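Chains A and B supply the protein sequences, listed in that same order. Per the UniProt record's numbering, the very first residue in the first sequence carries number 1; after that it's consecutive. Per the UniProt record's numbering, the very first residue in the second sequence carries number 1; after that it's consecutive.
Just so you know, these hints were derived from the structure itself, not from any lab. Please read these numbers as outputs of a predicted model, since none were measured by experiment. Don't take each hint at face value.
[As the list claims (entries may be wrong)] A few chain A positions that, by computed beta-carbon distances, are all more than 12 Å from chain B:
id : residue
1  : S2
2  : A4
3  : S13
4  : E19
5  : N57
6  : A137
7  : K171
8  : Y218
9  : G219
10 : A258
11 : E277
12 : T284
13 : V318
14 : Y341
15 : N390
[Said to hold, decoys possible] Okay, derived cross-link-like pairs now, DSBU-like style, lysine-lysine, Cα gap no bigger than 35 Å in a straight line:
id : chain 1 : residue 1 : chain 2 : residue 2
16 : B       : K171      : A       : K362
17 : A       : K275      : B       : K362
18 : A       : K163      : A       : K276
19 : A       : K141      : A       : K362
20 : A       : K235      : B       : K171
21 : B       : K171      : A       : K276
22 : A       : K359      : B       : K359
23 : B       : K362      : B       : K171
24 : A       : K362      : A       : K237
25 : B       : K171      : A       : K275
26 : A       : K453      : A       : K264
27 : A       : K359      : B       : K171
28 : A       : K173      : A       : K79
Yeah, the Cβ is synthetic: ideal placement off N, Cα and C, and Gly gets one too.
Protein chains: 2
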Amino acid sequence: MSQAIDSFVSSNSGRFLEELNQFLRIPSISTSPEHVSDVAAAAEFVASSLKTAGLENVEIIPTERHPLVYADWLHAPGKPTVLCYGHYDVQPPDPLELWHTPPFEPTVRDGNLYARGSADDKGQMYMHVKAVEALFAVYGKLPINVKFLIEGEEEVGGASITKYVAANPAKLKADVALVSDTALYAEGIPTLCIGLRGLIYMEVEATGPMRDLHSGLYGGAAPNAVYGLIELLAKAKDAGGRIQIPGFYDQVAEPAPAEIASWKSLPFSEAEFLKKEVGASRLTGEADRMVLERVWSRPTLEVHGIAGGFTGAGAKTVIPATATAKVSMRMVPDQDPDQMYAAFEQWVADNTPAGIQTKVRKLSGGPAVIVNPEHPAIHQAAVAFKDIMNADTVFIRSGGSVPIVGDFAHHLGIPTVMMGLGLPDDGLHSPNEKFKLDNFYLGIRTVAHFFEKYGA
Amino acid sequence: MSQAIDSFVSSNSGRFLEELNQFLRIPSISTSPEHVSDVAAAAEFVASSLKTAGLENVEIIPTERHPLVYADWLHAPGKPTVLCYGHYDVQPPDPLELWHTPPFEPTVRDGNLYARGSADDKGQMYMHVKAVEALFAVYGKLPINVKFLIEGEEEVGGASITKYVAANPAKLKADVALVSDTALYAEGIPTLCIGLRGLIYMEVEATGPMRDLHSGLYGGAAPNAVYGLIELLAKAKDAGGRIQIPGFYDQVAEPAPAEIASWKSLPFSEAEFLKKEVGASRLTGEADRMVLERVWSRPTLEVHGIAGGFTGAGAKTVIPATATAKVSMRMVPDQDPDQMYAAFEQWVADNTPAGIQTKVRKLSGGPAVIVNPEHPAIHQAAVAFKDIMNADTVFIRSGGSVPIVGDFAHHLGIPTVMMGLGLPDDGLHSPNEKFKLDNFYLGIRTVAHFFEKYGA
């Protein structure tokens, strides 16, 4: 643990925050066609930050959609190479009216930095950049070799980086990847994530009559696309939350008893989780599984949105002709995305109500990932984390997806250190997303310390 | 049947159409707050048309929402009084992209007048006005007494006219009402409607977590408002379309065997109805009932629209906090709207899934209506229709609601002649709504002839 790094970080903390705020002011919403130029501006910002930090070969790589940003520093012969990943795109901020301060005007309140992308993932990606800058400032060089690959499509499926990684294994060759798009298990607990759920994101479209019909004249005899979609989707789960798609659970690998035992030892209050994080009247899902299992090692089927028919103010008496739902499946080891998608498509075909036609479109998909905690990089990351935070590092899973971790495993054959400094209540994808400022600085120090340990 | 009336109508047909087009160009969408001034302009247009036609005491009556228009001519002592009703407001035109020509730019194609409100109800209401104008032009007076009461809230529940009718029985005293907000059974078949379904229109709102949650971090344990609403609404019907709300069918009066027999004798092709009007792969509903029963004398539960969660382009992985559906029940004799609403509310409370909270709001409600075909006005209307159209008049029901018919029965104690010249494929409430131009002129002649017969 280097006193010099720590001093550099504290004496530059104001500047680091101001730079991050500039980054957060760019509304780089990758899913919105009207924000294409903002996404490009965010890529420029990243490239310029990497150059300033001391990295070389900085390049903005055009893709079919949003650009990638690459940079490296490879002057530590005989030392391992770390591939640093992050994403500069963000989720849409809606519903806007629920934000206390505007999503793209970063604001500090009570030690938290509020902005869309503060934790997911601009703030966390920026920790890597500032760790490199600190190491260069203090030592004039890095203790290891590094490559950076930053994308702008993480929130829309990450198609371009997947292609790029598959096509450029030599350029991206590394010993391990570093991703900080994850969270601490809880405040003050150094945490490495060693498992992620996969995700298949789909649209299901239902059509009924050829046009919206008057419900007085046709009601009772004409099929209703909205109701047809409702009837279909309701059949996806039983009252206990168990998913009814044939074969859905066949490939699910149960976590080892030791892993389950370690989860049971983590501080977790179901009452607090319900009250402070979820805020509903009760939790749902598989009642015979503990909550951490349900969100970490169990597959899900979720409807993220639905729209059809008349949804304006007031009344309109139509039998809607079409309706669409956004549906995803979160997958766990060893579920195969292609097989799961085929099973879902078949289930939709088999369960579509009479008079209704349905179509399924896959928007993105990637498998679950597990990494081995015995890998030297994971081990050194755990030690570095413990040194900086003064507490034992815990190994957890996350229910979210970081598809790139699967791509790194598949195409580059390397594991990923998932060392995130977010907190469970950061509100990712929600109004009032935040990142704890202390964790931003802790993260910079931890990454720098990890590089030192891993290079020693 | 008067040759003079017929000649007046044909020699003025171009002018009548041009005037109707002016009326149709006013986007008097009563449900949209941004169209309030258009609705007011439509009321002005109606008032001015009534004055021009020769009516007296024309008045625009302000209400809490959209104005009523009243006029009368009461100089036929000893003759009956007909209360002519219509509405000048229209449904929203969306989805706009499906219109072949803009909804508020009336266009004649193949003998049809395409515009929002052409058949429902501006064009049909205007037949009454032009019938009066023709009678005045030819005879200098009317064969009966008439009162006109035209509203601007029919498409949003008609609260103001209901209040007004209840409060002004003396002013509105009449022997019968005339409403043309209905359709011919088929091209060339003179048709009087003697039964209407009632309607309760509601919103159901579901809430789950306190905010939209990340489906990776919470999926499997947190309740989903969209899915909760889907699960709830799917329970409203069984696979055969039978509504599952306790007591839903208890008060349903079956039509008399003679009425059912007459429906069976009407020309009806289920295949054609399916193909030309509905345009789905098959019909739905109670399989043991013929289609005319399902749409005329059977109650329904319909979901007109649903919205919740992320519905934009692309992907957003949220567990939605809220979702809303527009739901209606069509009622038949002798179902009581208050009891039906209470039953629905109770059913929602009893069937809301765990972790979800629901709220039901009633937007409007009115009972079903049946009128007696033996009433002298109905009888003379049937004869007039037969005379003009050269075919026997049939008595049918309609699955739609004209709540004012119930108000006239309840508050004024009078039946209603429902003499509409629309056609089943007019596309009411749909894109490309139309009114057959020949029927517009036939309607003017039929109404004038009915007044002559009824006054004779």
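Okay, the hints, checked on the actual structure:
1. Every CB of chain B is more than 12 Å from the CB of A/S2 (nearest about 33 Å), matching its label as outside the interface.
2. Under the 12 Å C-beta cut-off, the non-interface status given to A/A4 relative to chain B holds; the minimum distance is some 36 Å.
3. With a minimum CB-CB distance of about 28 Å to chain B, A/S13 clears the 12 Å threshold, and the non-interface call stands.
4. Separation of A/E19 from chain B is adequate, the least Cβ-Cβ distance of about 26 Å exceeding the 12 Å criterion.
5. Residue placement check: A/N57 keeps its beta carbon more than 12 Å from all beta carbons of chain B (closest about 32 Å).
6. For A/A137, the requirement that its beta carbon stay farther than 12 Å from each beta carbon of chain B is met, with the minimum near 35 Å.
7. Every CB of chain B is more than 12 Å from the CB of A/K171 (nearest about 28 Å), matching its label as outside the interface.
8. The claim that A/Y218 lies off the interface is violated: its Cβ sits roughly 6 Å from the closest Cβ of chain B, which falls inside the 12 Å cut-off.
9. Its closest Cβ contact with chain B, about 4 Å, brings A/G219 to no more than 12 Å, contrary to its assignment away from the interface.
10. The non-interface label for A/A258 is consistent with chain B: the shortest C-beta to C-beta separation is roughly 22 Å, beyond 12 Å.
11. Annotated as non-interface, A/E277 brings its C-beta within 12 Å of a C-beta of chain B; the closest such distance is 7 Å.
12. Residue placement check: A/T284 does not keep its beta carbon more than 12 Å from all beta carbons of chain B (closest about 5 Å).
13. Residue-level check failed: A/V318 sits 5 Å from the nearest beta carbon of chain B, not beyond 12 Å.
14. Non-interface status of A/Y341 relative to chain B is upheld: no Cβ of that chain comes within 12 Å, the nearest being about 15 Å off.
15. No Cβ of chain B approaches the Cβ of A/N390 within 12 Å, the least distance being about 26 Å, so the stated non-interface status holds.
16. About 64 Å separates the Cα atoms of B/K171 and A/K362, which puts this hinted pair outside 35 Å; it is violated.
17. About 31 Å separates the Cα atoms of A/K275 and B/K362, which keeps this hinted pair within 35 Å; it holds.
18. A distance of roughly 40 Å separates the Cα atoms of A/K163 and A/K276; the hinted pair therefore is violated under the 35 Å criterion.
19. For the hint linking A/K141 to A/K362, the alpha-carbon distance of about 45 Å lies beyond 35 Å, and the restraint is violated.
20. With a CA separation close to 56 Å, the supplied pair A/K235 and B/K171 exceeds the 35 Å bound.
21. At most 35 Å may separate the alpha-carbon atoms for a hinted pair to count; B/K171 and A/K276 exceed this at roughly 61 Å.
22. Under the criterion of a C-alpha separation no larger than 35 Å, the hint pairing A/K359 with B/K359 is consistent with the structure, at around 32 Å.
23. A threshold of 35 Å between alpha carbons decides the hint, and for B/K362 with B/K171 the separation of about 30 Å falls inside it, so the pair holds.
24. With a C-alpha separation of about 20 Å, the suggested pairing of A/K362 with A/K237 holds against the 35 Å cut-off.
25. The suggested pairing of B/K171 with A/K275 is violated, with an alpha-carbon distance near 60 Å, which exceeds 35 Å.
26. For the proposed pair A/K453 and A/K264, the alpha carbon gap of about 30 Å is at most 35 Å, so the pair holds.
27. Between A/K359 and B/K171, the direct Cα distance comes to roughly 57 Å. Violation of the 35 Å bound is thereby established for this hinted pair.
28. Annotation: proposed proximity of A/K173 to A/K79 holds, straight-line Cα distance about 13 Å (limit 35 Å).
When held up to the earlier numbered hints, the structure conflicts with 8, 9, 11, 12, 13, 16, 18, 19, 20, 21, 25, 27 and fits the remainder.
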